[in-house]
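Q: Each chain, written out:
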Amino acid sequence: MFTLRWQLLFIASPLIVIVVLFLGPLALTVTESFRTYIPGDIGSTQGAPFTLDNYRDLSDAAYVGYFADTFRLSFIAALASMVLGYPLSHFIARRPPGFIRKAIVSALVILMFMSALVKVYALTIAFGPVGFGRSFSAMLGTRMNGSIMSEILVVIGLFSFLFPMTTLMMVSTIQNVNPRLLEAAVALGASWVTGHFRVILPLCIKGFVSTFIVIYTLAISAFVIPMILGRGQINFITNLIYTRFSEIANYPSGSALSVLMLLVSMVLVFISSSLLGRLAGSQKKQGTR
Amino acid sequence: MNWTRRALLKSSAATSAACCLGLSVPARPAWAADATITAVEWGGRYHENMQAASDTQDAIDVVWELHTGGAAAILAKIKSTWPSVNYDVVAAYSPVFASMIREDWVETVTAEQMPNLADIPDGLFMTDKAGNKKAIPRTTTALHWGYRRDLCPFEITKVEDLLDPRLAGQIFFPAPVLNSNAQMISIARALGGDENNMEPAWEFVAELAKSGNIGRVTTSGSDDFNTLSTGETSVGFGATSVFERVNAVVPQVEYLHKMPDESGFKSIIVMEGWAILKGGNTEAAMKWVNAMLAAEVNQAFNAGIGAVPSNLKANVAKEIENVRFSQEELELYTYAPDWGFVSANLSEWAQRWEREIAPLL
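Each protein sequence line maps, in turn, to chains A and P. At the far end of the first sequence sits residue 289, using UniProt numbering, and the numbering has no gaps. At the far end of the second sequence sits residue 361, using UniProt numbering, and the numbering has no gaps.
By construction, these hints were calculated from the structure, which means they are not laboratory data. Idealized CB from N, CA, C, for every residue including glycine. Accuracy of the hints is not assured; some may be wrong.
Computed beta-carbon distance windows for the label pairs [unchecked claim]:
(1) A:26 x P:113: 44 to 50 Å
(2) P:203 x A:141: 57 to 63 Å
(3) P:103 x A:116: 41 to 47 Å
(4) A:17 x P:164: 46 to 52 Å
(5) A:125 x P:197: 15 to 21 Å
(6) P:203 x A:64: 55 to 61 Å
Here are some, though not all, of the chain A residues that point toward chain P, as calculated from beta-carbon distances under 7 Å [stated by the list, open to error]:
(7) 22
(8) 39
(9) 43
(10) 62
(11) 64
(12) 128
(13) 141
(14) 142
(15) 147
(16) 231
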C-alpha cells in the first residue's frame, strides 16, 4: 500500500501542474491587464504603472455587441447541435451493435477529429462564389457578402464542429435509460414524440445539461471558425484577443479582454447550469409523478 | 546511389523530424554549409522565390519560419523571448521595422560588412535616430486600389465612387492591422488629411460600412487574393503583388496606382526587406542577406513576386514594368507616410475600427 507521503505526492502532482501551467500564467495575465500601455510599444514596459484604462476602454457599447454576438451565435449553434443530434443519438443508442451502428459512430469520430480548418475551408468553398453561395443567399433573400450570411455561416461552422461531439456525448446519456420505459409510455397511449418529451428527456436532462455546457463553452472559445467564416463582419471576443496579442502587440488591452471574457463566461455558464439544473429537477419531478 | 539500412534509417529519422517541425524545415542538409540561420519569411510566392534565391549560394543554410497573419505578428513572438532570439533575419516591411528599430532589436549594417548595400539607394534604408542603417531594403512596392473590370459594374475614377450602391458587397477592405492601415491613410489623403489627421478617412469609411458595400474585411494578403480571384468581391485595396497575382489568373485587373490628383487615389509606397536581429547569428545573417542582395538574385526574386528590386543594378521584369514608378511618377502618384507615427498609432486605430466601423458592417 502507498504511504501517506506517496498519496500526498500523487495528489500534489496535478495541483503543481495546474499552478505552474495555468494559475501562474493566469496571474500574469491579470497583472498585465492593469498595466499602462504606451502606444507603439510591444506590450507594457517592465514596471509600468497600474491603471484601469484597459478595462475602461472596453466599456464602450461596441464591445457589448461583440460579447452578445459571441454568446448568441454560440448558443444557437449549441442548441441546434443538441436538437438535431438527439434523434441520431437515440438511433445509435437503441440500435444493437452491428455494422450500421459502427459505421455511424466511426463517421462521427472521423468528423470529430477532422481539422476545424478543413471543415471551415470546405464551407468557405461551398458557400462562396464558386459554390452555391449566391443561390443559397438568394433563397434566403439576402446577399452572399452580407453580414446576415456571415452570421449564418458562422453558425453552420460552429454546428459542424459541435455536432459529432454532441451526438456522441448524448449517446452515452441515452444508453443509461431503460428502453422499456419509452415502450411502456407508447403502449399506454403516448405518442412517440410525447414519450420522448415526457419520459426520456426528464431522465436524461442532467447528462444533456452537462453536454450543453461543454459544447457551449467550446463554441464561445472558437477562434478559427468566426475568423474565417465571419469575413471580418462577425468577430468573436477570441478574434479581438488575437488581434491585440498578435497584430498590434497591445498586451495589456488583450489581457483585460481575456480576463473579462473569462469572468463573463464563468458567470454565464454558472447561470445557465443553475437554470438548466433547476429545469432538470422540475422535469424529473414531472417524469416521476 | 546504393541505399544501406543505416542510410535509410537516417533519412527516415530526418524526414520524420522535419515533418514534426512543420514549417521549420531546413532548406538543405546542415552539414553542407558553413553556418545555419533562421529566417522569417512570408509564405506563398515570397517563400518559393526566396528559397530559390537562397539556393544560389552554398555558404549559409536557412531554416524558414513563415509569417502567420500580418507581418506585425512577429513582434509579439520576438518580444516574448527577448533578449534571447529565435530568429536571425526577419523579412517584413516599413511599419514593422519602425517598431523593431524603436525597441532597439536591429543590428546596424554598413557597406563595409555587406558590399551589396552600396548598390541600394540610401533613401530606401530605414535608420535609427542616429542615422545608422537598420532595415535593409530588397523590394519597393506600392499599396493601392484596384478592381476587376469583368465584375465591377462601372469604371471607378474617384474615391467617392466606392460609395456607389452598385458596389453593394463588392469591396474588400483590409482591417487596420493589415497594411498598417495604409488603406485609410490613402483615403485620408484623398479627402485632405493624412496619417496625422485621419478624421476624414474615419467618416468616409463609416459611410462605406453603412452603405453595405464592404463585402469582406481582409486580414492577410491571401484573403485579398482569394476574395478577388474567386470573384467574391471585385474592388479593393492591396499590394501590387496581390493584384499582379490575381491578374495572372484573371487578366482583368485595373490598377488604380497612377491616378490623377482629382481622383483622390494615392499609392502608398512601402519598402520590404530584412532586419538582422541583435544577439543572433549576426555574421552568417549578414553574409546571407548580402548574397540575396546581389543584382541578379535580387532581380530574380522580385520578378518572381511581381515587385520592383531595390538594387539599382537589377532590372525590372517586363511584365511588371507598368507597376514601376519613375522619379516623376513617385512625386505625382504616391505618398510615403511617416511609418514611425503609423506604427505608434496602429493599436488605437485597430481599436477605433472595432468601436466605430465593425459594428456598422
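Q: Can the suggested window of 55 to 61 Å be confirmed for the beta-carbon pair residue 203 (chain P) and residue 64 (chain A)?
A: violated, 24 Å
Q: Against chain P, run the beta carbon of residue 128 (chain A) and see if the smallest gap drops under 7 Å.
A: Interface hint status for residue 128 (chain A): holds (6 Å vs cutoff 7 Å).
Q: Per the hint of 57 to 63 Å, is the separation of the Cβ atoms of residue 203 (chain P) and residue 141 (chain A) within bounds?
A: Once the Cβ atoms are compared, 31 Å apart, the range 57 to 63 Å for residue 141 (chain A) and residue 203 (chain P) is violated.
Q: Holds or violated: is the Cβ of residue 141 (chain A) closer than 7 Å to a Cβ in chain P?
A: Constraint on residue 141 (chain A) not satisfied, violated at 14 Å.
Q: Could one say that the CB atoms of residue 26 (chain A) and residue 113 (chain P) fall in the range 44 to 50 Å?
A: holds, 45 Å
Q: Against chain P, run the beta carbon of residue 64 (chain A) and see if the smallest gap drops under 7 Å.
A: violated, 10 Å
Q: Answer holds if the nearest beta-carbon of chain P is closer than 7 Å to that of residue 147 (chain A); otherwise answer violated.
A: holds, 6 Å
Q: How about residue 39 (chain A): closest beta carbon in chain P under 7 Å, or not?
A: This hint holds: residue 39 (chain A) lies near chain P, its Cβ roughly 5 Å from the closest one there, short of 7 Å.
Q: Holds or violated: residue 22 (chain A) as interface residue toward chain P, Cβ cutoff 7 Å?
A: Hint on residue 22 (chain A): violated, closest Cβ of chain P at ~18 Å, above 7 Å.
Q: Can you verify the interface hint for residue 43 (chain A): is its Cβ closer than 7 Å to any Cβ in chain P?
A: holds, 6 Å
Q: Go ahead and decide if the range 46 to 52 Å is satisfied by the Cβ distance of residue 17 (chain A) to residue 164 (chain P).
A: Once the Cβ atoms are compared, 59 Å apart, the range 46 to 52 Å for residue 164 (chain P) and residue 17 (chain A) is violated.
Q: Given a hint of 41 to 47 Å, does the C-beta separation of residue 103 (chain P) and residue 116 (chain A) actually sit inside it?
A: violated, 34 Å
In summary, the numbered hints that this structure violates are 2, 3, 4, 5, 6, 7, 11, 13 and 14.
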